[in-house]
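Asker: Protein chains in written order, with this note's numbering: chain A, 1 to 247; chain B, 1 to 226.
Rather than coming from a laboratory, the hints here were simulated on the basis of the structure.
Hints may contain errors.
[To be verified] Derived pair list, reagent style DSBU-like, types lysine-lysine, alpha-carbon separation capped at 30 Å:
| hint | chain 1 | residue 1 | chain 2 | residue 2 |
| --- | --- | --- | --- | --- |
| 1 | A | 23 | B | 125 |
| 2 | A | 113 | B | 167 |
| 3 | A | 4 | A | 23 |
[As the list claims (entries may be wrong)] Partner residues aside, some chain B positions facing chain A, computed with beta carbon under 8 Å:
| hint | residue |
| --- | --- |
| 4 | 133 |
| 5 | 134 |
| 6 | 170 |
Idealized CB from N, CA, C, for every residue including glycine.
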Amino acid sequence: MPGKAVVEARGIHKHYGALHVLKGVDLVVAERELVFVIGPSGSGKSTLLRCLNRLEEPSSGSVLVDGVDLLDPRTDLNHARQRIGMVFQSFNLYPHMTALGNVTLALRKVAGKSRAEADELGRAALARVGLADRAGHTPGELSGGQQQRVAIARAIALEPRVMLFDEPTSALDPELVGSVLGVMRDLRESGMAMVVVSHEMGFARNAADRVLFMDHGSIVEEGTPAAIFESPSQQRTRAFIGQIQRH
Amino acid sequence: MSNWERFLDTFFNARVMARYLPDILYGTLITIELAALVIVSGLVAGLALALLRSVGFRPVNLLIVFTVDLFRALPPLVIIVFIYFGLPTAGLSPSSFVSTWLSLTLVLMAFSEEIFWAGITSIPKGQWEAARSTGLSYGQALINVVLPQAIRLTIPPLTNRTIAITKGTALGSVVAVSEILGMASSAVSNSYNPSPLTLGAAAYVILFFPMVVLGRWLETRMRWKR
Numbered sequence: 001m002p003g004k005a006v007v008e009a010r011g012i013h014k015h016y017g018a019l020h021v022l023k024g025v026d027l028v029v030a031e032r033e034l035v036f037v038i039g040p041s042g043s044g045k046s047t048l049l050r051c052l053n054r055l056e057e058p059s060s061g062s063v064l065v066d067g068v069d070l071l072d073p074r075t076d077l078n079h080a081r082q083r084i085g086m087v088f089q090s091f092n093l094y095p096h097m098t099a100l101g102n103v104t105l106a107l108r109k110v111a112g113k114s115r116a117e118a119d120e121l122g123r124a125a126l127a128r129v130g131l132a133d134r135a136g137h138t139p140g141e142l143s144g145g146q147q148q149r150v151a152i153a154r155a156i157a158l159e160p161r162v163m164l165f166d167e168p169t170s171a172l173d174p175e176l177v178g179s180v181l182g183v184m185r186d187l188r189e190s191g192m193a194m195v196v197v198s199h200e201m202g203f204a205r206n207a208a209d210r211v212l213f214m215d216h217g218s219i220v221e222e223g224t225p226a227a228i229f230e231s232p233s234q235q236r237t238r239a240f241i242g243q244i245q246r247h
Numbered sequence: 001m002s003n004w005e006r007f008l009d010t011f012f013n014a015r016v017m018a019r020y021l022p023d024i025l026y027g028t029l030i031t032i033e034l035a036a037l038v039i040v041s042g043l044v045a046g047l048a049l050a051l052l053r054s055v056g057f058r059p060v061n062l063l064i065v066f067t068v069d070l071f072r073a074l075p076p077l078v079i080i081v082f083i084y085f086g087l088p089t090a091g092l093s094p095s096s097f098v099s100t101w102l103s104l105t106l107v108l109m110a111f112s113e114e115i116f117w118a119g120i121t122s123i124p125k126g127q128w129e130a131a132r133s134t135g136l137s138y139g140q141a142l143i144n145v146v147l148p149q150a151i152r153l154t155i156p157p158l159t160n161r162t163i164a165i166t167k168g169t170a171l172g173s174v175v176a177v178s179e180i181l182g183m184a185s186s187a188v189s190n191s192y193n194p195s196p197l198t199l200g201a202a203a204y205v206i207l208f209f210p211m212v213v214l215g216r217w218l219e220t221r222m223r224w225k226r
């Protein structure tokens, strides 16, 4: 794989009380790489993703993003998080703000841009996701697909080094999925490092460099999309791939 | 004198009304002053407690919850009497106006804290996560993302509570605050005629009706499209 590591997570464990959700997971993402994470619900894939920007506190292990140790108490986490974009299953747009307001809030409050600068960057980000003409609309006036694209614009406006996608299309009607995947594909072509938790196997086949299969809090198997989807070596992977391909 | 004339003479005696109108107007000014102070200090204190509670420091939260429950449980009149007649024994002698203001402020603080708190906790966790994931601090997420939404949600219950508690300014008459009811009562005793009470009632309606309408207007205005 080319390029140096943008994300370097080592030995991530996560306990919720007696529940052991992540059992020593390693995940390294190189520059320009798209890593796709699949697995049954409850396998820990979302938790792993959320450990990468410390929305979830790992019980142990280390997370370096762009060389910054996220678990070091001296790290300015809010500053570091600008470099890690995140897109959520339920969009999580701010309903009381316009699309542009959603995109520019962190630019103004965290990146310290003036309103004019932030607006300019915000409009550029909205243009990248094909929503330049929706800047003044509130989330309630947008379709699910448009909302998710605004959410992507909100993240990329901060010029992150890596983007984390947590089931970005699971809450969308089928006819709206394509527009979001299209934006993700553009992003991938621009060279953005991405970690995608999703069930969109078609997208994984076309766009992923590497596919990880997780189950019960561990990475069971990883490889190229072809290797994982066509000839998985592990029984659990085969069973899971078989299940999701049956419908 | 027919019954109807007797009724009019008792409650709508023009001569008595004209004589005591200035008193009632003065009382209205005092009520407005008291009500405005209670609304501002009560809501500010309630919001401050809710924000403090959202930090999630357990000992502080236990104290807040205890205070809030206490002032929600006590009848406002009991608090007024306690402060006005009780505090002097501790060396403090608040005036009747200050006693009433402080009591109603504490009650509105308690109720509005609960309402603000309910608003804050009803905002989905995803809103916090989205804000924090873009690098906003806890405080920035609270001020810019969570609170504006929470306050919109709380406006209907908040206006109801505020109106209900602000009407409690009439309780000040018990410790001789010269607000509307106090002025009306003494006018009734002086004139041996209840007509000033009618004037007082009219003053309350004129005063609080716009508040009710304002509350309704705020509810509509602050709603946003989902």
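Asker: Check each numbered hint from earlier against the structure, then list the numbers of those it violates in ascending order.
Answerer: 2 and 6
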